[in-house]
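Keeping their order, the protein sequence lines are chains W and Y. In case it helps, our numbering puts the first sequence at residues 1085 to 1231. In case it helps, our numbering puts the second sequence at residues 44 to 139.
Hints in this document: simulated from the structure, not taken from any laboratory. A couple of the hints might just be wrong.
[As the list claims (entries may be wrong)] Calculated lysine to aspartate or glutamate pairs in the DMTMM-like style (CA-CA distance at most 20 Å, straight line): (1) W:K1160 <-> Y:D104; (2) W:K1160 <-> W:E1202; (3) Y:K97 <-> Y:E130; (4) Y:K97 <-> W:E1118.
[What the hints assert, rightly or not] So, partial list: chain W residues that the calculated Cβ filter (under 8 Å) puts toward chain Y: (5) D1106; (6) T1112; (7) E1156; (8) G1168.
[Unchecked claim] Simulated restraints, written as ranges between beta carbons of each label pair: (9) W:D1211 <-> Y:Y78: 23 to 33 Å; (10) Y:D99 <-> W:P1225: 45 to 55 Å; (11) W:Q1179 <-> Y:G96: 29 to 39 Å; (12) W:P1225 <-> Y:Y78: 29 to 39 Å; (13) Y:S110 <-> W:G1190: 14 to 24 Å.
Idealized CB from N, CA, C, for every residue including glycine.
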Amino acid sequence: MQTAQGGPRTPAHAPALRMGFDLVQISTVARSLEQFGATYEHRVFTDGELRYARSGGALVAQRLAARFAAKEAVMKALQLAETGVGWRDIEVVKQAGGDCEVALHGRAAEAAQAAGAEQIQLSMSHDGDYAGASVCVLFAPSGPVLS
Amino acid sequence: MKSTEQAETEIRAVLRDHGRLAQDIATLAADADLYQAGMTSHASVNVMLALEGKFDVEFPDRMLKRSVFASIDAIRGALAELGAVAEAPDVQVAQA
Chain W
1085 MQTAQGGPRT PAHAPALRMG FDLVQISTVA RSLEQFGATY EHRVFTDGEL
1135 RYARSGGALV AQRLAARFAA KEAVMKALQL AETGVGWRDI EVVKQAGGDC
1185 EVALHGRAAE AAQAAGAEQI QLSMSHDGDY AGASVCVLFA PSGPVLS
Chain Y
44 MKSTEQAETE IRAVLRDHGR LAQDIATLAA DADLYQAGMT SHASVNVMLA
94 LEGKFDVEFP DRMLKRSVFA SIDAIRGALA ELGAVAEAPD VQVAQA
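If we strip away everything but chain W, and leave its shape as in the complex, we get (with noise of 0.2 Å):
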């Protein structure tokens, strides 16, 4: 295909932002605690996921939840399904201020650079038996990076 002025047209950019969203069941994160304990643990949720839901008390299912939700959200926006990303790759971090961010590991990481991804953002939030959270990829304009 060619432009007006004869040179090849630029490839369609890649969509500048890209959402994604996931809703969790609380009692189900309680019973997966009740049923595989550690093991179900240590390979979804990160050390310091679980340090964090812990300092909660009761509220461990609902933070877990919550965090699942996130890496869920992360793996639509950045459209993972596929990839073949461990659950631990995608970490939800709590800054100081009380603010949670996306760190991304391994595999995530790796996709996320290739797919152009600059700025995660994350909201979570929770009711009664359900907690959710939205994610919202900001990409490079210019498309996937090549490196």
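Fit chain Y to the given chain W structure using the hints.
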């Protein structure tokens, strides 16, 4: 190593106990989409952990894909790749 028939029986039992399916697992075809049948992403974690216990395997991160847990056939294929289940000819063809 379990036969494909044994494996399917045990996979169905795991899905019955942990899959949170909206449909009776006995009525689902081996190639039916489990997510369409009501399995959530969180339920798939429980399914994976239960499969690991039942088949004495561990799914490496590279296999943690939606498609690996999308059907009984897909799960059986993944377990075969991990050496826990005999290869099924039809699964091999489907993956080719």
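- prompt: Of the numbered hints stated previously, which ones are contradicted by the structure, given in increasing order?
  reply: none
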